[in-house]
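S.K.: One-letter residues, chain by chain:
Number of protein chains: 2
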Amino acid sequence: MSQQENELIQRISGLLGGRRRKGSVALGIGDDAALWVPKPEREVVLTCDWFLEGTHFLRGKHPPHAVGWKCLARAVSDIAAMGGVPRCFLMSLALPADLTGTWLDRFLRGLRRAAKELHCDPAGGDTTRRKEVLISITVIGEVSRGEAIHRSGATVGDAIYVSGTLGEAELGLRMLRRGLGMAKATNAALRKHLYPRPRLDLGQWLAEKRLASAMMDLSDGLSTDLPRLCAASGVGARIEGDSLPLSSLVSRAEATKLALHGGDDYELLFTVKRRNERRLTRKFRALGLTRIGEITRERGISITDNGKSIALRSAGWDPFR
Amino acid sequence: MSQQENELIQRISGLLGGRRRKGSVALGIGDDAALWVPKPEREVVLTCDWFLEGTHFLRGKHPPHAVGWKCLARAVSDIAAMGGVPRCFLMSLALPADLTGTWLDRFLRGLRRAAKELHCDPAGGDTTRRKEVLISITVIGEVSRGEAIHRSGATVGDAIYVSGTLGEAELGLRMLRRGLGMAKATNAALRKHLYPRPRLDLGQWLAEKRLASAMMDLSDGLSTDLPRLCAASGVGARIEGDSLPLSSLVSRAEATKLALHGGDDYELLFTVKRRNERRLTRKFRALGLTRIGEITRERGISITDNGKSIALRSAGWDPFR
Numbered sequence: 002m003s004q005q006e007n008e009l010i011q012r013i014s015g016l017l018g019g020r021r022r023k024g025s026v027a028l029g030i031g032d033d034a035a036l037w038v039p040k041p042e043r044e045v046v047l048t049c050d051w052f053l054e055g056t057h058f059l060r061g062k063h064p065p066h067a068v069g070w071k072c073l074a075r076a077v078s079d080i081a082a083m084g085g086v087p088r089c090f091l092m093s094l095a096l097p098a099d100l101t102g103t104w105l106d107r108f109l110r111g112l113r114r115a116a117k118e119l120h121c122d123p124a125g126g127d128t129t130r131r132k133e134v135l136i137s138i139t140v141i142g143e144v145s146r147g148e149a150i151h152r153s154g155a156t157v158g159d160a161i162y163v164s165g166t167l168g169e170a171e172l173g174l175r176m177l178r179r180g181l182g183m184a185k186a187t188n189a190a191l192r193k194h195l196y197p198r199p200r201l202d203l204g205q206w207l208a209e210k211r212l213a214s215a216m217m218d219l220s221d222g223l224s225t226d227l228p229r230l231c232a233a234s235g236v237g238a239r240i241e242g243d244s245l246p247l248s249s250l251v252s253r254a255e256a257t258k259l260a261l262h263g264g265d266d267y268e269l270l271f272t273v274k275r276r277n278e279r280r281l282t283r284k285f286r287a288l289g290l291t292r293i294g295e296i297t298r299e300r301g302i303s304i305t306d307n308g309k310s311i312a313l314r315s316a317g318w319d320p321f322r
Numbered sequence: 002m003s004q005q006e007n008e009l010i011q012r013i014s015g016l017l018g019g020r021r022r023k024g025s026v027a028l029g030i031g032d033d034a035a036l037w038v039p040k041p042e043r044e045v046v047l048t049c050d051w052f053l054e055g056t057h058f059l060r061g062k063h064p065p066h067a068v069g070w071k072c073l074a075r076a077v078s079d080i081a082a083m084g085g086v087p088r089c090f091l092m093s094l095a096l097p098a099d100l101t102g103t104w105l106d107r108f109l110r111g112l113r114r115a116a117k118e119l120h121c122d123p124a125g126g127d128t129t130r131r132k133e134v135l136i137s138i139t140v141i142g143e144v145s146r147g148e149a150i151h152r153s154g155a156t157v158g159d160a161i162y163v164s165g166t167l168g169e170a171e172l173g174l175r176m177l178r179r180g181l182g183m184a185k186a187t188n189a190a191l192r193k194h195l196y197p198r199p200r201l202d203l204g205q206w207l208a209e210k211r212l213a214s215a216m217m218d219l220s221d222g223l224s225t226d227l228p229r230l231c232a233a234s235g236v237g238a239r240i241e242g243d244s245l246p247l248s249s250l251v252s253r254a255e256a257t258k259l260a261l262h263g264g265d266d267y268e269l270l271f272t273v274k275r276r277n278e279r280r281l282t283r284k285f286r287a288l289g290l291t292r293i294g295e296i297t298r299e300r301g302i303s304i305t306d307n308g309k310s311i312a313l314r315s316a317g318w319d320p321f322r
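As you go down the protein sequences, you meet chains U and L in turn. Counting in the working numbering, the first sequence runs from 2 upward without gaps. Counting in the working numbering, the second sequence runs from 2 upward without gaps.
Among the hints, erroneous ones may be present.
Any copy, or any two copies together, can satisfy a pair, since identical chains are not distinguished.
With a straight-line Cα cutoff of 25 Å, these simulated DMTMM-like cross-link-like pairs (lysine to aspartate or glutamate) come out [to be verified]:
1) K210 / D243
2) K132 / E118
3) K62 / E133
4) K258 / E241
5) K117 / E241
6) K40 / E148
7) K309 / E148
8) K258 / E6
9) K62 / E148
10) K274 / E6
11) K274 / D243
12) K284 / D106
13) K62 / E299
14) K258 / D106
15) K309 / E8
16) K309 / E143
17) K62 / E209
18) K40 / E143
19) K40 / D243
20) K210 / E295
Note that these hints are calculated values from the structure, not bench results.
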């Protein structure tokens, strides 16, 4: 810490909403730690996520406003995946000295927008100087006791559902890398990549109504994330290739690959007991809930396409590959 | 995430204590988020801290076991500085592929040791691959409603106290940089640098007895941290140079510089109303509580030495300098 860092903290604090807030955060940025008062009879939901230059975003390609939005939105998505309500967040931020001007301002504006729209108050953080932009976000949320939806609750015969369409965020990343669409704020794929919307309403509704037996968010692609849900539950899965909610922006073959392996969608993947399926139909029509397959006793993930069943290989996003 | 990352998470989870724990963490590592149940009538204390290779530690100099201990201990120190009790932590960890063997094991053993001794359970985290070791730790703690000690409560005439001795951690860092003392586990200065002990008992006692009007931990050195406490409280301070609790390992002149400007001590700096001072005398004799000066109406920090009073310039640790 330093005078320069003191000033940086004051700027962050100023843009994000000050030292003492009206919300549930009793004491925010500027002391050794933040104080927060949870509601009674709730469990606290805790998650943290990296957002690193070169690994999760490209400084020359990703607008700082989108970096600010996305670093918080993707961490909040983990709260949605438990059926929780986000309350506040902490940010560890490392910055090169030459980004503490305009870049930081735009980044903070995107972050502030996400904090406001996702109802997640800034509570504190830590800053330091570094050659590259490094961000770690911790989100603190709440869920009614016993209502959180785990990854481990899927049982044989449960239907497998996803929200929205799959693969468009990956398509958006490809457009961004090729320098396409930067000016087209209306482009759906690019918007989905830059400004993902965690499915908070859906997650909370499924938790409250106890409709999902297992749930997680899709961050690394269906072919990587579904095996995780199955491993946690001790089951396998069969996916119907025809049923995947595909992007209509590219060919069917391309859209299928993107839906299976594309990362960064932040849609919800969840399983539902058959007797509960009819209760899903009316809600979330605009978002779309699609039945993509079933949980099986046989371990492993298979995909059925044109009557043939083949094993699905994980090929989602993987920093260690 | 990936198979390799799945394996990494399993190793971390295995070494740190598994998926479902007996403590207050209901659901730990391995789901989208962790669940934690706070005690009733408490406020939640939240803090996060960077611990970055090259900025906060040197990979070639700092033993991985000490990196594991210190990254958690320094974040827990912020909980101590509020008078709180640590409960659980989240870790964002980025690692080079070639450190996922022995280095990681030793690091995790140091971290596990700290988690156990500081009663702070691992709740979850995020991992990724990176050229350098990057760590961000979030600690979640509790404090009884209204008992947390802020930086902003110091008033004119309050006595200023510190715990322990000041400057030895900086001395330990110098020894480490020169390659001295690596084998001498008994060396006090080196031990203080590598294995700082957050003053949890003292912080909690001061909060419970309502003895401190303001408090913070000393992480960046007295000459940097005291101005922060004074700024938050809207006051100034006068330090008695003769009263500083110095290291006896170096000359008096050198020890004074270290006590004023050395970082990483993680001792507590707190202010006490005069009428409460006599209540401090019996407790914490082994640790040592030293009166080093007084809060003044005049802004700025002065230091009195041999009868002369001069302005104290901030010269503590500063990554932005």
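S.K.: Are the CA atoms of K40 and D243 at most 25 Å apart within a copy, between copies, both, or neither?
M.R.: neither (44 Å within a copy, 49 Å between copies)
S.K.: Are the CA atoms of K117 and E241 at most 25 Å apart within a copy, between copies, both, or neither?
M.R.: Intra 38 Å, inter 47 Å, cutoff 25 Å: neither.
S.K.: Cα distance capped at 25 Å. Does K62 pair with E148 within a copy, between copies, both, or neither?
M.R.: neither (40 Å within a copy, 47 Å between copies)
S.K.: Between K40 and E143, at a C-alpha cutoff of 25 Å, which is it: within one copy, between copies, both, or neither?
M.R.: both (8 Å within a copy, 14 Å between copies)
S.K.: Given identical chains, is K210 near D243, meaning Cα to Cα at most 25 Å, within a copy, between copies, both, or neither?
M.R.: neither (29 Å within a copy, 67 Å between copies)
S.K.: Within, between, both or neither: how does the pair K309, E143 come out at a Cα-Cα threshold of 25 Å?
M.R.: neither (44 Å within a copy, 56 Å between copies)
S.K.: At most 25 Å between CA atoms: does that hold for K309 and E148 within a copy, between copies, both, or neither?
M.R.: Classified as neither: same-chain Cα gap 38 Å, cross-chain 65 Å, threshold 25 Å.
S.K.: With identical chains treated as interchangeable, where does the CA-CA distance between K62 and E299 reach 25 Å or less: within a copy, between copies, both, or neither?
M.R.: neither (43 Å within a copy, 50 Å between copies)
S.K.: Indicate which option fits the pair K258, D106 if close means a Cα-Cα distance not exceeding 25 Å: within, between, both or neither.
M.R.: neither (37 Å within a copy, 38 Å between copies)
S.K.: Pop the pair K62 and E133 into one bin, within, between, both or neither, using alpha-carbon distances up to 25 Å.
M.R.: both (14 Å within a copy, 23 Å between copies)
S.K.: If the cutoff is 25 Å on CA atoms, where do K309 and E8 land: within, between, both or neither? Let me know, please.
M.R.: Classified as neither; 62 Å inside a copy, 32 Å across copies.
S.K.: Checking K274 and D243: alpha-carbon separation at most 25 Å within a copy, between copies, both or neither?
M.R.: within (21 Å within a copy, 74 Å between copies)
Of the numbered hints listed earlier, those contradicted by the structure are 1, 2, 5, 7, 9, 10, 12, 13, 14, 15, 16, 17 and 19.
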